[in-house]
Amino acid sequence: MSRPRRDPRAERAATFIAGEGPRPRYDRTRRAAGSGRPRRDPRAEREAQRIGGGARLRYDLTQVGRPIGEAVAAVPRSAPVAEAPKTVIVETPAFLVAVVPDAPGGRLSGHDRQVLGAARALAGREGAVAVIVEGDCEGLGAAGADRVLRFDGAKGYDPAGRAARVGVALAGLAARHVLFPESLDGGDLARRVAVASGEALFTNAEVVAAKGLVRPARGRRVEQSLAPPRLATVAPDAVADYAGPPREARALPFEGSVPVETPKNIVSATRIPADPATVPLSLAEFVVSAGNGLTDLDTFRQVVTELHATPGASRVLCDAGLMPRHSQVGASGTVLAATCYFALGISGAPQHLQGVAGCEHVVAVNTDLHAAMIERAGLAVVQDAQAVMPALLRLLAQESGQGAEGAPL
Amino acid sequence: MKIAVLLSAGLHPVSGAPVLPRVEAQAIRMAAGLGASSEIFGLHAGPDAAAIAEALGQGLDRIEHIAVAAGDDPVPALAARLAELAPALILAGRRSQGGDESGLVPYALARALSLPLVSDVVAAAREAEGALRLDQSLGRGALRRVLVRGPVVVTCHPDAPAPLAYAYGRARRGRVETLAVAPAAVPAPAIAMEERPYRRRPKIVKGAPAGGSAAERLKAATGESGSASSGRLLIQPDPEDAAREILAYLRQIGVLAPAGAGAEPKI
Ligand SMILES: Cc1cc2nc3c(=O)[nH]c(=O)nc-3n(C[C@H](O)[C@H](O)[C@H](O)COP(=O)(O)OP(=O)(O)OC[C@H]3O[C@@H](n4cnc5c(N)ncnc54)[C@H](O)[C@@H]3O)c2cc1C
Ligand SMILES: Nc1ncnc2c1ncn2[C@@H]1O[C@H](COP(=O)(O)O)[C@@H](O)[C@H]1O
Chain A
1 MSRPRRDPRA ERAATFIAGE GPRPRYDRTR RAAGSGRPRR DPRAEREAQR IGGGARLRYD
61 LTQVGRPIGE AVAAVPRSAP VAEAPKTVIV ETPAFLVAVV PDAPGGRLSG HDRQVLGAAR
121 ALAGREGAVA VIVEGDCEGL GAAGADRVLR FDGAKGYDPA GRAARVGVAL AGLAARHVLF
181 PESLDGGDLA RRVAVASGEA LFTNAEVVAA KGLVRPARGR RVEQSLAPPR LATVAPDAVA
241 DYAGPPREAR ALPFEGSVPV ETPKNIVSAT RIPADPATVP LSLAEFVVSA GNGLTDLDTF
301 RQVVTELHAT PGASRVLCDA GLMPRHSQVG ASGTVLAATC YFALGISGAP QHLQGVAGCE
361 HVVAVNTDLH AAMIERAGLA VVQDAQAVMP ALLRLLAQES GQGAEGAPL
Chain B
1 MKIAVLLSAG LHPVSGAPVL PRVEAQAIRM AAGLGASSEI FGLHAGPDAA AIAEALGQGL
61 DRIEHIAVAA GDDPVPALAA RLAELAPALI LAGRRSQGGD ESGLVPYALA RALSLPLVSD
121 VVAAAREAEG ALRLDQSLGR GALRRVLVRG PVVVTCHPDA PAPLAYAYGR ARRGRVETLA
181 VAPAAVPAPA IAMEERPYRR RPKIVKGAPA GGSAAERLKA ATGESGSASS GRLLIQPDPE
241 DAAREILAYL RQIGVLAPAG AGAEPKI
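Protein chains in written order, with our numbering: chain A, 1 to 409; chain B, 1 to 267.
The hints are simulated quantities; they were obtained by calculation from the structure and are not laboratory data. Worth double-checking, as some hints may not be accurate.
[Stated by the list, open to error] Pairwise CB distance ranges, derived in the manner of DEER restraints:
# : chain 1 : residue 1 : chain 2 : residue 2 : range
1 : B       : E195      : A       : S332      : 36 to 44 Å
2 : B       : A257      : A       : P390      : 20 to 28 Å
3 : A       : S268      : B       : R170      : 17 to 25 Å
Backbone N, C-alpha and C define an ideal beta-carbon position, used for all residues, glycine too.
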């Protein structure tokens, strides 16, 4: 924390009482105005923690540092009021570090962000991070990109063609290092690019620093380190995201012609989405979960089907035999890796929250404002879940009705 | 249909003893599932054939072994032999085990033979007119069904069906043929790397600020920071409003398809 520096001379001058005789006089009781922090008022704070007007004094001690206002109006949320940080601009980078993210659906994945963080660590102050994406992608500047090279991708499954396009882009960029995520798609692409250009590939790096990269080998019995190579893939959950101020993400022109080739031998490719009803809970992308606060499980099952989600439950429901045991979420059930968790009528016991710790987004509906699940949620609704579920179903039915009418056949 | 299964000399990650990598045993099963009329053989390039004899018990009748010195690149030798035999399907593991575990050999082979490569396949089946249906894993239970015609290199994903049980009788009956041809020694493209015993590193805590305090790291680990700290709270809203808010939120984070759209036609 940076407080303004004290200036004793000025403080002293402020308490000076002018006039009245030859001897200088100072009013020591007067405090210098604007000296920084407001003075605490413990009595007012205590009063603000008081609940209701009953005969017995009751205080809510979790309400701290809020000396004025309604006692229990809303859950205190620490909202950081930072002024918008300035965008960092690298005008003439000494070198480039290229990143080829997966960006499924025009959105950076968590792994992509980590690779961008690794690239930023390699680029340091002088270098710039250039991201190579097919199609549009959002949030690149905040994730640490200084430059963006964007080109239009081809439709359909054509990994060899994509590798060729990325190879052309990399050749035009002349980057010092190129990082890929070691994911299913990214790892495949990295190997294709490396083999096509005849360069060595440093796979599955767990440490990425300007000093060198480290990867495990021989069944994690040894680790191999190397000064940053040209091509490398970065392991998941090994490197931290970029946490600094946003970067410029300036668009670069795409130079060079893209070889157009129809994929050899590949007749067709269709995507078969995971069936949310049968996919294992630990793999599910979106989990809707029921707790002891729900009584109407038939409606709950309808909501799950309509949202194309995987059903989950708290232990209470599984113990009662209302939901199958394999749908239990938590410490003694399944630990989720879902993107979104939607909790209906769940209090959020620690054993349950452990199973949700890895979920990026949490939505909670609960009648209790002080439930731990409400505290954890990104969108918290204090309302009867029994009323919200039919409303959700109605809204979804209405939307699908409109969509069917509006969409051309 | 002629199928080649590429076998690497794996080492057990704990004991360091020679072992057939599980994913290659799964590849053998995948090959066996493609029909009894198939001619399936294993192919290994390396200094020692004993390391791969275990694959005979996992369902192979015949393994071809090309003698290649220990430090040499196996790819030219493998490519030469495969070009000679021209199998319709070349199955490999996703990563080898016990070596560099880089997974580059199948890609280099596909390049050398100029064949297409389909990675991370969990199931394979024969279709009409000699086409091959390959189910590629996309993670999280999603699949991509690829129809290919003509020879192809396929890498096998660990989510494929479990390997066949080891059969002692088959292992006794099968044979390993060491090929007489001595390919020219091609040293592997070496990068000077330093090696030391593996050191476990702390898992990064998502969302924890770099150089933050212990309290901040704990908050990040329990998920209290991140989306929760900037979260929205609706107190006793109308259920309809609540439903609208929830759907809007779910669409914004991209787990629910936009209104009116069906299942997303992504490829
Ligand atoms: C060793 C051990 C291991 C455990 N492991 C697990 C585990 O793996 N998974 C697990 O889930 N639990 C586990 N538990 C149990 C855990 O401690 C809790 O008891 C359990 O999670 C509580 O489930 P709940 O939130 O559904 O029920 P409750 O705690 O009863 O909460 C119900 C919630 O619903 C709300 N509610 C009530 N009516 C409505 C309504 N109409 N609309 C909306 N909300 C409403 C209430 O306000 C309350 O918050 C474990 C316990 C132990 C001791
Ligand atoms: N020496 C080898 N002989 C035959 N196949 C190999 C050899 N090395 C690797 N492979 C195949 O290539 C896959 C990936 O190996 P690697 O690129 O070493 O990780 C393995 O699972 C094997 O199927």
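| task | List in ascending order the numbers of the hints, as given earlier, that are violated by the structure. | result | 3
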